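Construct the entire structure; sequences and hints are all you get.
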Amino acid sequence: MLTFFNQFPQRISDVTTQLTNQGLPLTAPTTPAPPLDPDDPWASSRPAPPVDRTTLAWCTAAQMLSAHHRIPLSAQVHSADALIRELGVRGLAQLHTDLHGGAPIDYRFTRCPYCSGCGEDPLLPDCADLGCPPQYEFIDHDHICPVCQGESFQPEWFAEERIVRLDHLLTGAIDPGSVRVSWYRKLVRQLMPR
Numbered sequence: 045m046l047t048f049f050n051q052f053p054q055r056i057s058d059v060t061t062q063l064t065n066q067g068l069p070l071t072a073p074t075t076p077a078p079p080l081d082p083d084d085p086w087a088s089s090r091p092a093p094p095v096d097r098t099t100l101a102w103c104t105a106a107q108m109l110s111a112h113h114r115i116p117l118s119a120q121v122h123s124a125d126a127l128i129r130e131l132g133v134r135g136l137a138q139l140h141t142d143l144h145g146g147a148p149i150d151y152r153f154t155r156c157p158y159c160s161g162c163g164e165d166p167l168l169p170d171c172a173d174l175g176c177p178p179q180y181e182f183i184d185h186d187h188i189c190p191v192c193q194g195e196s197f198q199p200e201w202f203a204e205e206r207i208v209r210l211d212h213l214l215t216g217a218i219d220p221g222s223v224r225v226s227w228y229r230k231l232v233r234q235l236m237p238r
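Here this note's numbering is used: the first residue of the sequence shown is 45, the next is one more, and so on.
Simulated from the structure, these hints should not be mistaken for lab results.
Please read all numbers here as calculations on a predicted model, not as lab measurements.
Check the hints yourself; a few may be wrong.
To be verified - Quick list of simulated restraints, FRET-style, between CB atoms:
#, residue 1, residue 2, range
1, 202, 122, 33 to 39 Å
2, 138, 186, 21 to 27 Å
3, 171, 150, 27 to 33 Å
4, 172, 132, 18 to 24 Å
5, 119, 51, 21 to 27 Å
6, 122, 209, 40 to 46 Å
7, 147, 172, 33 to 39 Å
8, 176, 69, 30 to 36 Å
9, 73, 184, 23 to 29 Å
10, 213, 81, 21 to 27 Å
11, 206, 178, 37 to 43 Å
Glycine is no exception: its CB is placed at the ideal position from the N, C-alpha and C atoms.
In structure tokens, the structure reads:
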């Protein structure tokens, strides 16, 4: 039976197949600890932990980088390692923003790269895995996507709502008998020579 959540294991298998075909390991090796710097007492002296390249977050990051730069996935392996090692799953939101030129992303109109717009955590974790309070264990509550924070990708509905709101604002700004005067008219009046 084909379900929405079947696409996530398929994403992992596609990426891991590419890595295997190129002879790349499915676990990033631990990087050695940097030497101590006496001028920077706050610098980390611990080795970077290994990264599992079969996780959904890593595969998503590698695919996003590869698609954006239009180069083979194998060229973005170390970038995806660094992102997941330093920022974890939440770093996918930062990566998505960076790839869009730093502009804020509204996930109601842009499909989330991690959950593909469903708004739920695609790993379907248990309450025990996430440490939910015990009273939530027996009620059906959603575990929201850590990247888009549960935004529902519904551009058809939200676009219509936004157009209705803008029409209302324009009607209020254009109506000459209205008590409210738009900020634009106020500005024009202030700038007009007397």
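Supplied distance hint 30 to 36 Å, evaluated on CB atoms of residue 176 and residue 69: holds (34 Å)
Residue 147 paired with residue 172, Cβ distance criterion 33 to 39 Å: holds (38 Å)
Residue 138 versus residue 186 beta-carbon gap, inside 21 to 27 Å or not: holds (23 Å)
Cβ distance range 37 to 43 Å for residue 206 and residue 178, holds or violated: Once the Cβ atoms are compared, 40 Å apart, the range 37 to 43 Å for residue 178 and residue 206 holds.
Assessment of proposed distance window 40 to 46 Å (beta carbons of residue 122, residue 209): holds (45 Å)
Range agreement (Cβ of residue 184 with Cβ of residue 73, hint 23 to 29 Å): violated (41 Å)
Cβ distance range 18 to 24 Å for residue 172 and residue 132, holds or violated: holds (20 Å)
Verdict for residue 202, residue 122 (Cβ pair) under range 33 to 39 Å: holds (37 Å)
CB-CB spacing for residue 81 and residue 213 relative to the 21 to 27 Å hint: violated (56 Å)
Range hint compliance [Cβ, residue 119 to residue 51, 21 to 27 Å]: holds (24 Å)
Cβ separation of residue 171 and residue 150, checked against the hinted range 27 to 33 Å: holds (29 Å)
The structure fails hints 9 and 10 (numbered hints given earlier, in ascending order).
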